[in-house]
Amino acid sequence: MTLPGGVHAETYQQDRALIRTRWQWLWFAGFVAVLLLLPFIGIGKAVGIATVIGITLIAVLGLQLTSGCAGQINMGQSAFMGVGAYAAGALAANLHWSFLLTIPIGGISAAVFGAVFGLAALRIKGFYLALTTIAAQFIFTFAMLKLPKEWFGQSEGLRLDPAALGSFAFNTDNRIYYLVLAVAALMTYGAWGLMRSRTGRAFIAVRDNDNAAEVIGINVFYYKTLAFFIGAFYAGIAGALWAYYVRYVQADQFTLWLSVWYLGMLIVGGMGSILGAIIGAVVIRLLQELITVAGPQVADVLPALGGQFVFAAMNMLLGGLIIVFVIFEPRGLVHRWNIVKESYRIWPFPH
Amino acid sequence: MPELAAAPELAAVPAPATAPIMRADGITLRFGGVTALSDVSFEIGASEIHAIIGPNGAGKSCTLNCMNGFSLPQQGRLFFREQDITGLPPHRIARLGVGRTFQGLQLFAGLSVVDNLLTGRHMHMKTGALQGFVYRGWAHAEELRERRRVEEIIDFLEIKNIRHKLVGSLSYGLRKRVDLGRALAMDPRVLLMDEPMAGMNLEEKEDMVRFVIDIREALDIPVVIVEHDMHVVMDIADRITVLDWGHVIARGGPQAIKGDPAVIKAYLGAEVRR
Ligand SMILES: Nc1ncnc2c1ncn2[C@@H]1O[C@H](COP(=O)(O)OP(=O)(O)OP(=O)(O)O)[C@@H](O)[C@H]1O
Ligand SMILES: [Mg+2]
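Top to bottom, those sequences are chains A and B. Each residue of the first sequence is one higher than the last, beginning at 1 in my numbering. Each residue of the second sequence is one higher than the last, beginning at 1001 in my numbering.
Treat the hints as calculated values from the structure; they're not laboratory data. Here the structure is a predicted model, which means the values were calculated and not measured. All C-beta atoms in this analysis are idealised placements derived from N, C-alpha and C, irrespective of residue type, glycine included. Please note that a few of the clues may not be correct.
What the hints assert, rightly or not - Across the chosen pairs, the derived CB separations fall in these ranges:
#, chain 1, residue 1, chain 2, residue 2, range
1, B, Trp1138, A, Tyr222, 14 to 22 Å
2, A, Val326, B, Gly1057, 36 to 44 Å
3, B, Ser1041, A, Ile139, 46 to 54 Å
All chains should be modelled from the sequences, with the hints used to inform the complete structure.
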């Protein structure tokens, strides 16, 4: 060791930093400013769309941790989200607890439900694990429709009052947007920290080579369970926010179909990367919005096709896009982005 | 060559020179009808380089698998510093201080060299999921602290210039070096190496031999090495255990093994079998 410790610590610190150059700080600051000012500059449904993207992002981040980082395939993320929505919803609707309590409890409830599937992941892998997590979907729907009506409302679902802090209620689109933005920012930061520290490396070790992970002292069983626990916790938080956003919770809001979309977002964005989860959630969500806007207009121009057909066709197109990614760019958009970034970094002096 | 200092806790607890660090007592391992090991016993002394040799399929890898808990022998017991470790899961045995490298490549392909080595520090780190989530403070401080030990190992293995590369992009020889680095990052009390030089060119082999000798010197730990290259084995081993068809057929120093008729017969027999 020739260099003094201080110099080393400084460089290691730089190694670990997420944002390194002044330009990156500028971009980041600009991005944050746009998010903060969106209610004032956004047109039309921008705020509503951004709110839904924020909620989706939290659920997709969780799925990224479970499936992309720790390699445990999960087709039940939407059911985990539903558990969070119902737990928070029931406490808010029946007992009138504050959202400061119900949202974390929603997360924990989903996490415990999810961890059960982590236990299953010890014995089964890949395709069979996927099938097992699909079962979560059916257990969830069945339970919510059959459990006592005083708890979860059965087929009628739950109706919530807006989240409130004293006399301040999150009862407008703009207000709930800021709530979702704050939580989404926190959860994104947390996911980044997690993946840069011991737990994140253990996840990737379990994903890449579980034998080698055992041999260096990683308890593979524990980390598989933890991956489901944390991923479902994210889903639960997302579900609870959803409950306060639409203020109505019902079992058929959380379908297997939604879980599949979440996986699609990961594939398009890029498996195993936090930035990939963000890109995937934003891009696919915006495309879906585009379809709901453009669909009726196309149907207007070509009435012979009929609205139903146009809508179905465009969804198929989006599904096709995901398949294209699986085949041609399995590393996702984040990989493209990294290539652009690299060439930009060395820009005046390309090799 | 940069110096690799022994981990503090290792230096503090010197093992008695007489007691074996690891001991196998009559282990028998079967897979269905195949008996991979039968009644195998041996001792690994403090800070010796102990080679395990034998023809293909003799049971060398199976022996290492029993030692680090991958396989559970049907009979016999294994001891680490006189603690019975038979039946413990691999991660528990690893935490006692049994480090291991693999036959072939078993790295974490999605991580950089530094992160592979930091993963090797896993059992010496304490950051939990919640601290990782918060990151600032505790987790960050631990990252920097552990990074220092990892950098020592990177220096020692002369892989400074590739530290940020994804291991998937490295040559075979370098990957084997990272594999060794990850095991060293555990600060092991004994190091098991399964054919560390297989598939390497002469230069890479020489480097690896140098590392094995230096590890024993610098860390004062025993190294158990499975190797086919007899020149290497005769050069560096203090003691050799020879396996054939799952039986120990000879044990002793290199000179004794070289002239042992049973060993010569096993190797000649293996030639004929092939
Ligand atoms: N999981 C397993 N299932 C069945 N048989 C096995 C298994 N693992 C090893 N064996 C058998 O046990 C015997 C010893 O295998 P082992 O891998 O220990 O050999 P080796 O000495 O390491 O050989 P090599 O030099 O080729 O690596 C072989 O006959 C092998 O076929
Ligand atoms: Mg072998």
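Structure-based check of each hint:
1. B:Trp1138 to A:Tyr222: 14 to 22 Å: 20 Å, holds
2. A:Val326 to B:Gly1057: 36 to 44 Å: Because 40 Å falls inside the window, the suggested range holds.
3. B:Ser1041 to A:Ile139: 46 to 54 Å: About 52 Å separates the Cβ atoms of Ser1041 of chain B and Ile139 of chain A, which means 46 to 54 Å holds.
This entry satisfies every hint, going by the numbered hints stated previously.
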